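Fit chains X and R with the ligands to the supplied structure of chain W, relying on the hints for placement.
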Amino acid sequence: MKFERYGIGIAKGMALTFKHLFRPPITVQYPEEKLVVSRRIRGNELVWYPDRCTGCATCAKSCPQGNIEIVTHVGDENNYVVDKFEVDTGRCMFCGLCVESCPYEALAMGLSYERAQYRRGQLVLSKEELRLSDVRQPSGYARPKIEATLPEQSLLVNWDREKGGQKLSLVPLSKKRGRGV
Amino acid sequence: MTLLEQFQLWLATMWPEWAAYVTPAIVGVVIVIAFALCMVIVFIYFERRLLGRFQIRLGPNRLGPEGIFQPIATAVKVLLKEDIVPAKGDKWLHWLAPLVVFVPVLMIFAVVPFWEGAIFIDLNVGIVYVVAISSVSAVGIYMAGWASNNKYALISALRMVAQVVSYELPVILSILGVVLMVGSLSMSQIVAAQTIPFILLQPLGFIIFFLGAVAEMNRSPFDLLEADSEIVAGFHTEYSGMKFAMFYLGEYCHALAYSCIIATLFLGGWRGPLLPPFLWLLIKVVAVFFVIVWIRATLPRLRVDQLMSFAWKCLLPMAVINLFVVAAEVLWLPESLPWIMVVVNFAFAGALILLWSKLFTLGGGRVEV
Amino acid sequence: MAIKTEPFILNIGPQHPSTHGVFRLRATLDGEVVVDVEPVIGYLHRGIEKLAEGRTYTQNIPFTDRLDYLASITNNLAYVLAVEKLAEVKVPERAEYLRVITAEMMRIASHLMAVGFFLNDLGAMMTPVLYMWREREKLLDLFEMVCGQRLTYNYMRIGGVSHDIPEEFLPALKRFVAEMPGFIDEYDQLLAGNEILLVRSKGVGVLPEELAINSAASGPVLRASGVKWDIRRADPYSIYDRFDFDIPVGSAGDCYDRYWVRVQEMRQSVRILEQAIPQLPEGEVCAEVPRLLRPPVGEVYGHIEAPKGELGFYLVSDNSIAPYRFRIRPPTLINLTALKDMVIGWKVADLIITFGSIDVCLGEIDR
Ligand code: SF4
Ligand code: SF4
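Going line by line, the protein sequences match chains W, X and R. Numbering follows the numbering used here, in which position 110 of the first sequence is assigned residue number 110; successive positions increment by one, without gaps. Numbering follows the numbering used here, in which position 261 of the second sequence is assigned residue number 261; successive positions increment by one, without gaps. Numbering follows the numbering used here, in which position 22 of the third sequence is assigned residue number 22; successive positions increment by one, without gaps.
So here's chain W without its partners, still in its complex pose (with noise of 0.2 Å):
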């Protein structure tokens, strides 16, 4: 235990952190500014499609929360009619247990990641708020199709240090996705 070096180690160090102060910032400005997020992304929401879904509930079997609720009886053509389906998104670990296994692709993966709230009933999601919307875009998570169609993923990887400046790309601003449903 001596100061075996002389110094030089911290001096070293003391470079390093030197040549940082010239590096540009990694920061992302949040609300401002946005990365886009992966073509896979499992965001805190569901997309539920019901002119696809049969009312199976295969979904609902394959949660590990249980956390799908489905009510359904049988309709006129012998189909099952959904009357009820709620998901209730606090008790959800967007797994995508039940997106996987939805043998009919009627359930999505949202693409946001910004649904807080101010309830925890909000949270709960009825029939009508899991559609499809301008603010509930389904992501590509288990649904090559709808994965195609989304831009390509900011990487840091790609950031390119050289060159100086923030060379992420980003999600345009727009007003229309800032705030929940």
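Be aware that one or more of the hints could be misleading.
Here are the simulated DSSO-like pairs of lysine-lysine, each with C-alpha atoms no more than 30 Å apart in a straight line [as the list claims (entries may be wrong)]:
hint, chain 1, residue 1, chain 2, residue 2
1, R, K174, W, K12
2, W, K19, R, K85
3, W, K34, X, K313
4, X, K358, R, K202
5, R, K174, X, K313
6, X, K81, X, K91
7, X, K151, R, K340
8, W, K145, R, K85
9, W, K19, R, K174
10, W, K127, W, K145
11, W, K145, R, K90
12, R, K85, R, K50
13, R, K228, W, K61
14, X, K151, R, K4
15, W, K12, X, K313
16, X, K313, R, K4
Keep in mind that the hints were calculated from the coordinates and are not lab data. If you're wondering where the values come from, they're calculated on a predicted model, not measured in any experiment.
Showing chains X and R with the ligands alone in chain W's frame:
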């Protein structure tokens, strides 16, 4: 004759004597405190942004252009916090401690020469005054640690006392080297004597004083009393609101004051070509502070026993040797050839540091319990 | 003449800057010297072992994410390997490679966190952490690209992995692998020779070889004590026998060696990645496995070398769709048992860094 004394003489020609005496004092106090507080706010902003850049982030930049109002927002936030006094704490001491920390630090600025004659009071024992007054805040920190009735705070306070007492000695001894060369304790004379900045004449003294000063203002790598990974926030764990703000300001004021002193003692104070003297002082102060922040951004902290042995085994003997060497040089080297002294002292400092790194180990190992 | 002092009890945690989660230490101190420590755990207990007994084998995979949340992929891997052993599932070649690639990426990410926060415990003001987070962030980006999340990946499936990689994954990973050694060199420049780090961590918190073995320590903690034991070599799982890598071994078993072993392991992981990427075959990524898997009656213990040590899953099947017993062997809980022997007689500051150098993850300890 300082500017304030001239002001007083001028006032005395038309006002009664007591008014002529009191008015310049008040004016001076206001100016010095205003300077200190403004600089502290600048320093807080500067440190945060700079730390951010060292750590490849941006630092606060939201409020105002480039975030320059962030320190003000922080101040408002801190002041609006609830003031909590621990139920079993010592209420009076808890209340008094921030004042005891903050006021002495402000008082240091009384003897900082800003430029020729611009000094609040040119004490003939200026540097002794600085040393004396700056250690008073240790008492305040000890009071805070004691009054909080919190074990983290108490550990921190005890560390503080040990640290300040041990680092005071090398600091004083390295100051004595400067004093020997100047032949005066007055701050303005020390500046006046520096045709060559003393950092060149006394590199070893500078290093010792710098490290000691960093330890006294509790900055990394000697920030043991606020070692957040060990003892949370140290002595101000139980403080909030206005009182916490006092500690916070006190800490930065301390840094500012010591930066001023380092600039004055070793970097030539306000002396410098072209630019106005006050600006030169500012540049030097900010440069010193930059180095302090840079160290903070890079180094881990020492352990408590290593800190103590660093003071007693390394800094103190080196400071003593440095003092003797300087004394010898002042006695025997011709005064007309200061550059010889520069060369000799640099070689000497290097040799001594190498020797000490070889000879001494820091800190003890495991204690049998 | 020694002054007689009375020991006092310092409560560190559960809310404390360096407990890496919600962990509590009751430390008895004599001045600054640690006389006794007693870890108090359980603040993050979620009953995962019990919960898992009520869920199918596939549904348990997301739960394993929540064990060591800094290294989810390896948790997934350990679990699915155990189930595959139980149900005798054959995994396609491509899936094996993807598993190894992601597991080694995870090891780098986890060690980056470990080293960074070890330095933070030493008081280095976030700087090393933030430099290391930059690299970890790149890895998290890649994980996000593959499986849609940055922390809880839920990537492995019984019989393979859930998704094939997108085509932009490999170029990005190659880029990362190419630049990572340079960054590790930078960390070494910042840290390895730093005198303060040396005096603080050399010889501190020593775990002797014998004690390390007796306390069943594993992972970097064990290897730092000089035991060459890595399950990737000792009991090769998946396809680790095909890769060429060294097992870095420390000698002193102190905090510095634990730090050093982690840095070297990052280099070795990069080496494995370099070998695995060109070998990656085409083909299926998941075997055909019934959704409601019913493994034959029996029991199995599957273990892997997780970043923090030996992570084992002990499963008992009663031929139903859910495990009858689901038991986790968390590496850091067992490494933590040696903490007391490492820190007695050292200072509080050493207690903190020794704790940090074990690299605990409370999600795993409390389960
Ligand atoms: S994402 Fe997972 S937890 Fe959420 S509803 Fe689907 S299956 Fe359940
Ligand atoms: S699995 Fe798909 S089709 Fe079946 S109920 Fe769920 S969403 Fe509808």
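Hint check:
no., hint, verdict
1, R:K174 - W:K12, "holds, 29 Å"
2, W:K19 - R:K85, "violated, 51 Å"
3, W:K34 - X:K313, "violated, 54 Å"
4, X:K358 - R:K202, "holds, 17 Å"
5, R:K174 - X:K313, "violated, 51 Å"
6, X:K81 - X:K91, "holds, 18 Å"
7, X:K151 - R:K340, "holds, 21 Å"
8, W:K145 - R:K85, "violated, 34 Å"
9, W:K19 - R:K174, "holds, 25 Å"
10, W:K127 - W:K145, "holds, 24 Å"
11, W:K145 - R:K90, "holds, 29 Å"
12, R:K85 - R:K50, "holds, 21 Å"
13, R:K228 - W:K61, "violated, 46 Å"
14, X:K151 - R:K4, "holds, 19 Å"
15, W:K12 - X:K313, "holds, 25 Å"
16, X:K313 - R:K4, "holds, 26 Å"
Figure legend: structure checked against the earlier numbered hints; hints not met, in rising order: 2, 3, 5, 8, 13.
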